[in-house]
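2 protein chains.
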Amino acid sequence: MNPWERYAPELVADLYEITMAESYLREGMNSEATFSLFIRDYPPDRSYFVSAGLESLLNILADFHFSDESLRYLASLRKFSTRLIDRLRNFRFSGTIRAIPEGRIFFAQEPVLEVTAPILEAQLLETLVVNVIQLETMLATKAARVSAVASGKGLIDFGMRRTQGVDASLKAARASYLAGFLGTSNLLAGKIYDIPVFGTMAHSYITSFHSELDAFHAFARAFPDNSVLLIDTYDCAAGALKAVEVATALRKKGKSLLGVRLDSGDLADLSRQVRLILDKAGFPDVKIMASGSLDEYQIEKLQNSGAKIDFYAVGTRMGVSADAPCLDIVYKLVEYDGKPILKLSAGKKTWIGKKQVCRFYSPDGKMDFDRVCLLGSEEEQGEPLMELVVEAGRRVQPPESLMEIRERFSGEWSKLPEKLRSIHPAQVFPVQVCPSLVELDSEIARIKRREEVEPFTK
Amino acid sequence: MNPWERYAPELVADLYEITMAESYLREGMNSEATFSLFIRDYPPDRSYFVSAGLESLLNILADFHFSDESLRYLASLRKFSTRLIDRLRNFRFSGTIRAIPEGRIFFAQEPVLEVTAPILEAQLLETLVVNVIQLETMLATKAARVSAVASGKGLIDFGMRRTQGVDASLKAARASYLAGFLGTSNLLAGKIYDIPVFGTMAHSYITSFHSELDAFHAFARAFPDNSVLLIDTYDCAAGALKAVEVATALRKKGKSLLGVRLDSGDLADLSRQVRLILDKAGFPDVKIMASGSLDEYQIEKLQNSGAKIDFYAVGTRMGVSADAPCLDIVYKLVEYDGKPILKLSAGKKTWIGKKQVCRFYSPDGKMDFDRVCLLGSEEEQGEPLMELVVEAGRRVQPPESLMEIRERFSGEWSKLPEKLRSIHPAQVFPVQVCPSLVELDSEIARIKRREEVEPFTK
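Chains A and B, in that order, give the protein sequences.
Quick note on this note's numbering: the first sequence kicks off at 80 and runs consecutively.
Quick note on this note's numbering: the second sequence kicks off at 80 and runs consecutively.
Please keep in mind that the hints were generated in silico from the structure rather than gathered at the bench.
Warning: the hint list may mix true and false statements.
Any copy will do: because identical chains look the same in the list, a pair fits if it lies in one copy or spans two.
Below 20 Å or equal to it, Euclidean Cα-Cα: the simulated DMTMM-like pairs (lysine to aspartate or glutamate) are [said to hold, decoys possible]:
1. Lys334 / Asp443
2. Lys158 / Asp273
3. Lys158 / Asp304
4. Lys418 / Asp147
5. Lys418 / Asp293
6. Lys428 / Asp345
7. Lys359 / Glu479
8. Lys427 / Asp345
9. Lys427 / Asp348
10. Lys232 / Asp348
11. Lys158 / Asp147
12. Lys359 / Asp142
13. Lys427 / Glu497
14. Lys498 / Glu533
15. Lys232 / Glu379
16. Lys427 / Asp120
17. Lys366 / Glu522
18. Lys494 / Asp447
With the rest of the complex left out, here is chain A (with noise of 0.2 Å):
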């Protein structure tokens, strides 16, 4: 488990789903809920999202409890009750969680969760499970984004040090991992996750040296057999050349240089100059690693302009998704004591009810459409992507190794249409909502305006 989330994760809520708690013991109200996690719309020229989160959630979830300390600081905000602290000293989940796995595909206004529970217990997990979800999740899609463009060149994230906190650092190399990514230079990712870690040398490292030449030749010393040599701090073509001397000595012992590293300039001139460098000198199995401010855009924009590079090391713009740095990810009330709950807030759409997400294929194999409709209805046909994964409080499947969801994500990918690969989507991925489902919809809609709007605005 990654121990940043150890610690607390009762207080990782709004101070609101305490005081909606305490209105809930004194009004007895304790029937069962089912919140539904989605994400409203696509971010700017998103077309699908790689589900990521849940282990790491269910990971909280099975050791949920107030702390005394956490206990002790509720109540020194003076407005709870002692029947609710001692309400939350006893609190453990107790209900059902449903969800998409880690690593499937899924789409815009589909519940990628479901939790069922006592209101109070569910409500009181929101901020909570939104947070967790959404940053694996974006992070994931992001990752994968990339991957797309790479055409098969191997990816490294390297966004440590620019990401929103450590924990955000960890969780960015965990869903590159996930999308495909070879490794992370983040160290304790590496340990946490078991993610293969790769890092090569700062320019700081070649200008505390009195020469380029010589940190070169220090560093492949320090690495006869993985040395990747950052070749831009004074010239890429002569630091080339620098290079081509190391690799020449590192020859003349059996041992041969992995690579060299531009993180600066025009990536994909540099990486024909420096390419043609090695290739004239007799080193055309030295590889070329590219850095320095990348993401799928302008990797795509490398790969299309015949760029040299063997190697792509992404950093900050997918270790914040720069470019989406949230998603419009909710947790909605949609079932309180068997009943459908709806709101009618301006542009807010909420499908009422417990769902599952049913998938269709072609013939080719290729996703088709999914559908929407309520759990258990006739409806409910096709490939169902929710899982049941926590029932009475207990996790019902084993936890999946990091590596699983990795192949998951991949066979997913696989089925994805070519058209929503694109990281210029043009396309939206059809979503049906079932005929019951939009029914119901209208009726309860109808209903809440004729008693909760007409009487106090006619």
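Since the structure of chain A is provided, determine the placement of chain B on it from the hints.
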């Protein structure tokens, strides 16, 4: 201390920091190095930065060491010598840190922090230093922009659910309090940083009751002294009329309704309607709070359009600094073994040497211009911004409370010229670079070009 920072900060590092350490150790390179942390350029619409994150960093460094578990992980990578692992086992930071205190305003190209230590030590901290200072500085800067447009209206951080991880949510709550917010909805931040917490109710609360009015009455029963009712679940005007019923009932008991909240729709228009309803009914003191996708741009529009909003709850867009989710912040070697250091990489200017930032004021007390100069040079005049905070590995100043830092920011803000406070700044604050620094820089660049580039490109 934020407990989220306690876990293995020694592995908040990119692998290359350890590979470089291996080489430095092997080569016997242990001279003193100075690294300078600065932001290269402004993100769109930014004209200043608010220094933040120093307390977090110093707290982490106070107990920075390699645990046995972390050393076992590094050894398991089979890349490093036993000698390096032993060196890391005895690692303690023994250097000097100079920094611009938290809450002060600084500008692009100015060092906000400089670390001087044996190169192995100073280099090892790169990722940690960059990550901690960037996140809090970015968020404090964003929050200052929100404060700038709110014209004294109350501001509350509502961002926890969609920040990039929980750690980021804590920093967003802290940064916004630093920048003048009243508080946060974030319970964990409230506990850790002793920030006032605020919260009302969700739409789910309203919809779980038989009627909106029942929900309002129930909430007022639980919190008769400080209820804020969410009135947009079905219809804002209808909700406001129901809130009047509750306010009337409370008044009969000698209590009063604190406020109502709007979370969707045209907030300017709705707030005027709701204000009118409340005023007409004899409740001019009931406050109106607005939330829902707010940021400095939205709030400026609302303020300009005469919205009747008393409190703004600002969430995701501030919590992830959505329009600028990362800063172009770097940690660069500027001096090694007493010699100034320079790299020539395209478009990546770094000023060499240990530096000081000097501030000059206009006669009216406003900031006039800054000057970056070599530390201890005769050109060091005006008010020095960087202070000595760590010497020989130990803090030389007592920890600062968030309240002190908040007050410092408030003082700084009053000295920031009006034109730079705009969220659409048309002006760049003048930052001069001392002539001797420019001269030294050109000279080293000439030497490096002659030594490192020309022999290979002629």
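Status of each hint after checking the structure:
Proximity of Lys334 and Asp443 under a CA criterion of 20 Å is satisfied in neither setting, with 48 Å inside one chain copy and 68 Å between copies. With identical chains, the CA atoms of Lys158 and Asp273 are at most 20 Å apart between copies only, with a shortest distance of 16 Å across copies and 44 Å within one. In the homo-oligomer, the alpha carbons of Lys158 and Asp304 lie at most 20 Å apart only across protomers (10 Å), although the nearest pairing inside one protomer, at 63 Å, exceeds that limit. In this assembly of identical chains, Lys418 and Asp147 lie within 20 Å of each other by CA distance neither inside one copy nor across copies; the values are 36 Å within and 55 Å between.
Taking the shortest alpha-carbon separations for Lys418 and Asp293, only the inter-copy value of 17 Å comes in at or below 20 Å, while the best intra-copy value is 74 Å. Proximity of Lys428 and Asp345 under a CA criterion of 20 Å is satisfied inter-copy only: 16 Å between copies versus 46 Å inside one chain copy. Proximity of Lys359 and Glu479 under a CA criterion of 20 Å is satisfied in neither setting, with 48 Å inside one chain copy and 60 Å between copies. Proximity of Lys427 to Asp345 under the C-alpha cut-off of 20 Å is restricted to the inter-copy arrangement: shortest distance 13 Å between copies versus 45 Å within a copy.
For the homomeric pair Lys427 and Asp348, the shortest alpha-carbon distance between copies (18 Å) is at most 20 Å, but the shortest distance inside one copy (48 Å) is not. Taking the shortest alpha-carbon separations for Lys232 and Asp348, only the intra-copy value of 18 Å comes in at or below 20 Å, while the best inter-copy value is 53 Å. Within a single copy, Lys158 and Asp147 get their C-alpha atoms as close as 17 Å, which meets the 20 Å cut-off; across copies the closest is 44 Å, which misses it. With identical chains, the CA atoms of Lys359 and Asp142 are never at most 20 Å apart, being 60 Å at best within one copy and 52 Å at best between copies.
In the homo-oligomer, the alpha carbons of Lys427 and Glu497 never lie at most 20 Å apart, since the shortest distance is 31 Å inside one protomer and 38 Å across protomers. In the homo-oligomer, the alpha carbons of Lys498 and Glu533 never lie at most 20 Å apart, since the shortest distance is 46 Å inside one protomer and 49 Å across protomers. Proximity of Lys232 and Glu379 under a CA criterion of 20 Å is satisfied intra-copy only: 12 Å inside one chain copy versus 46 Å between copies. Taking the shortest alpha-carbon separations for Lys427 and Asp120, only the intra-copy value of 11 Å comes in at or below 20 Å, while the best inter-copy value is 38 Å.
Taking the shortest Cα distances, Lys366 and Glu522 never come within 20 Å of each other, neither inside one copy (63 Å) nor across copies (35 Å). Only within a single protomer do Lys494 and Asp447 lie at most 20 Å apart by alpha-carbon distance; the minimum there is 9 Å, versus 61 Å between protomers.
Comparing the model with each numbered hint stated earlier shows that hints 1, 4, 7, 12, 13, 14 and 17 do not hold.
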